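Colleague: Given only the sequences and the hints, what does the whole structure look like? Please build it.
There are 4 protein chains.
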Amino acid sequence: MGKDRLAAFSDGVIAIIITMMVLELKVPHGADCAALKSLAPSLVAYVLSFVYLAIYWNNHHHMLHTVTRVDGLILWANSHLLFWLSLIPAATAWMGENFLSPLPTAIYGATLLMPAIAYFLLERAIVHQQGRDSVLASAIGRDLKGKISPLLYAAAIVLAFVSPWLSIALYVLVAVMWLIPDRRIERVLREG
Amino acid sequence: MGKDRLAAFSDGVIAIIITMMVLELKVPHGADCAALKSLAPSLVAYVLSFVYLAIYWNNHHHMLHTVTRVDGLILWANSHLLFWLSLIPAATAWMGENFLSPLPTAIYGATLLMPAIAYFLLERAIVHQQGRDSVLASAIGRDLKGKISPLLYAAAIVLAFVSPWLSIALYVLVAVMWLIPDRRIERVLREG
Amino acid sequence: MGKDRLAAFSDGVIAIIITMMVLELKVPHGADCAALKSLAPSLVAYVLSFVYLAIYWNNHHHMLHTVTRVDGLILWANSHLLFWLSLIPAATAWMGENFLSPLPTAIYGATLLMPAIAYFLLERAIVHQQGRDSVLASAIGRDLKGKISPLLYAAAIVLAFVSPWLSIALYVLVAVMWLIPDRRIERVLREG
Amino acid sequence: MGKDRLAAFSDGVIAIIITMMVLELKVPHGADCAALKSLAPSLVAYVLSFVYLAIYWNNHHHMLHTVTRVDGLILWANSHLLFWLSLIPAATAWMGENFLSPLPTAIYGATLLMPAIAYFLLERAIVHQQGRDSVLASAIGRDLKGKISPLLYAAAIVLAFVSPWLSIALYVLVAVMWLIPDRRIERVLREG
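Chains as they are written, first to last, in this note's numbering: chain A, 199 to 390; chain B, 199 to 390; chain C, 199 to 390; chain D, 199 to 390.
If you are wondering where the hints come from, they were derived from the structure by calculation, not from laboratory data. Given the structure is predicted, the values throughout are model-derived calculations rather than measurements. Among the hints, a few may not be true.
Result set (DSS-like, lysine-lysine): computed pairs, CA atoms no more than 30 Å apart in a straight line [as the list claims (entries may be wrong)]:
(1) B/201 / A/201
(2) B/224 / D/224
(3) D/224 / D/235
(4) C/343 / D/201
(5) A/235 / A/224
(6) B/235 / B/224
(7) D/201 / B/201
(8) A/201 / A/345
(9) D/201 / D/343
(10) C/201 / B/343
(11) C/224 / B/235
(12) B/235 / A/224
(13) B/224 / A/224
(14) A/343 / B/201
(15) A/201 / C/201
(16) C/201 / B/201
(17) A/235 / B/224
(18) B/224 / C/224
(19) B/201 / B/345
(20) C/345 / C/201
(21) D/201 / C/224
(22) D/235 / A/224
(23) D/201 / A/201
(24) A/224 / C/224
(25) B/224 / C/235
(26) C/224 / D/235
(27) D/343 / A/201
(28) A/235 / D/224
(29) C/235 / D/343
(30) A/224 / D/224
(31) C/201 / D/201
(32) D/345 / D/201
Chain C is nowhere near these chain B residues, computed Cβ spacing over 10 Å in every case [unchecked claim]:
(33) 267
(34) 273
(35) 312
(36) 343
(37) 363
Simulated coverage check for chain A against chain B, where a stretch passes if three residues somewhere in it have a Cβ under 8 Å from a Cβ of chain B [to be verified]:
(38) 246 to 257
(39) 268 to 274
All residues carry an ideal CB built from backbone N, CA and C; glycine is no exception.
Modeller: Structural data, given as structure tokens:
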């Protein structure tokens, strides 16, 4: 019961974040190709963030499937995740308007790093409530992707001050890495 | 289960896109008829896009009825559709502010063409998962409307550089063509 | 089934409209009383529209309770209602920024009149589907409120060019008239 | 039935308010540290309001669990609460843009005080409907937190004209006080 409402609320917030982001795509003044081209960097940033938020929704979807009871810790770990996700549109807009500037590119990485940490904490909160033998605990296993991603984000943040292109390449790489939904959970659920 | 949450998330995103579009109706400065008249092209563009998004919601609604199990491919085909739909408000605002300019009219057509393709791909993903004998597969049949619409959008995109009025007439034509919800699926569902 | 999704989608759209309206409350520049006072007319307009949208949500809620099956006509009558409701934020902002100007006050009345008509049409579509002996048909009865409201809106639209204060008084009057949820439906539902 | 839709609608509105607030985080012009630093006060205000809205969602979630039937009074008390919550983003933005100015700090306190009162009234409306012996009535008990909070808000509003820092400290204090979800209700629910 509480779990369904938690899932619905989270879905709602992520749906709003994902679509609100498009409001930052400021419609260009003028009706010619130059106006359209000036939108290109914002559009690239938008696509990247859209994919990230879709990945979060996707994996969050799978993770909540394994929850049987919601407690206060899970509620707050979830709100914490939503908070960091809610900063992505602002960072996306800033990076899009100042494409390849070091600081905005680094800050964008920070707004990817923080929800990754928050997602990890939510995972812990669920395992803590469900027990070490739960579906989620065994599905995560060593969780290589979950451990590598924050390192890659951190590297990208530092690299932004050397070459913003490299940072963006790393952001794309991590997104691609996660694009496949978490088969581990699906498999364990089927086997269990 | 997963299907319900997919439907709810998609509904949420479409509901937000459809209502967010109205934020692009910039309230005119001044309180006279001239201020109101300056809003007319934006309002026309808004009505057209509202109808298109309502059609998508409607048909998406019918299509998901036929799904029994959601897999990763369907999830991503659905996110892909939502991505293209999310660009409609920006294109609507650009066309409204530059009414009858060739490029914005053509771009608007492109933001209609892309979700049409994405919808087709989602249809394929569902048929792929449900099998060739599924309700959806037999309901779609030859799918004349689905095949003609992209051609009409493509024609409208080219025509925008000749006569934007013609393009808009084509956009209206396709909308009218789709206004009737997909009786084919309803009929097959009733018979099956 | 379809009915639940229709209700959820409508709720979503109304929830977004109602909260999006607050984005039109432009935060005043400056931090003194004058800045705050300049917000007063927009705030009055916001409260009025909030109440109207809450009334629509409320009555829509009651009306959908009586539906047993959703058909294409109901779907489109519902989208039609949502379209007109979606114009309320823009009209509210325009009236708030040009308080007591005749044209914005009249246009605001028009954006109240149109959803009233759309609501009436939705009611007809439901009765048409459910039959003359349905719960809704007997609950509506003569429907005095539903018939008087459009007349009062129309009067307010005309009066706006004489005295905008009178129009606003009429808008408030109709809102107060509807504030009590539709006991008729509740009563018939309990008796049936 | 009605209760589920009420919960869903309220969740929707709160989800939109919470995420819409981030739109007020105006992306800084320029790509350097100064631009980022200028965002700091708005970010602080945003975090504070995010926590408050999450607390309201959380406690509202628990409170609605105890409702068995929704009547007109509860519906309107709930809309009344949502109205006051909807003003928080505007007040947050104003306080963020005029950090430590007395009037915006006081007004922010007012937009916290009003939903606190509205929440209290909603509690009364539920107890009135459920009876003095209901789960909620016994769970609330003396409700110390609920009685102290409005006093602290009121004190903060007055103190804003002496020292805005003190007011903000009080706002943080009350938030911390509420961060723990309402164990009282959880406990009584478990025992009952």
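Colleague: Could you check the structure against the hints above and give me the numbers of any it violates, in ascending order?
Modeller: Result: hints 21, 29, 39 break, sorted rising.
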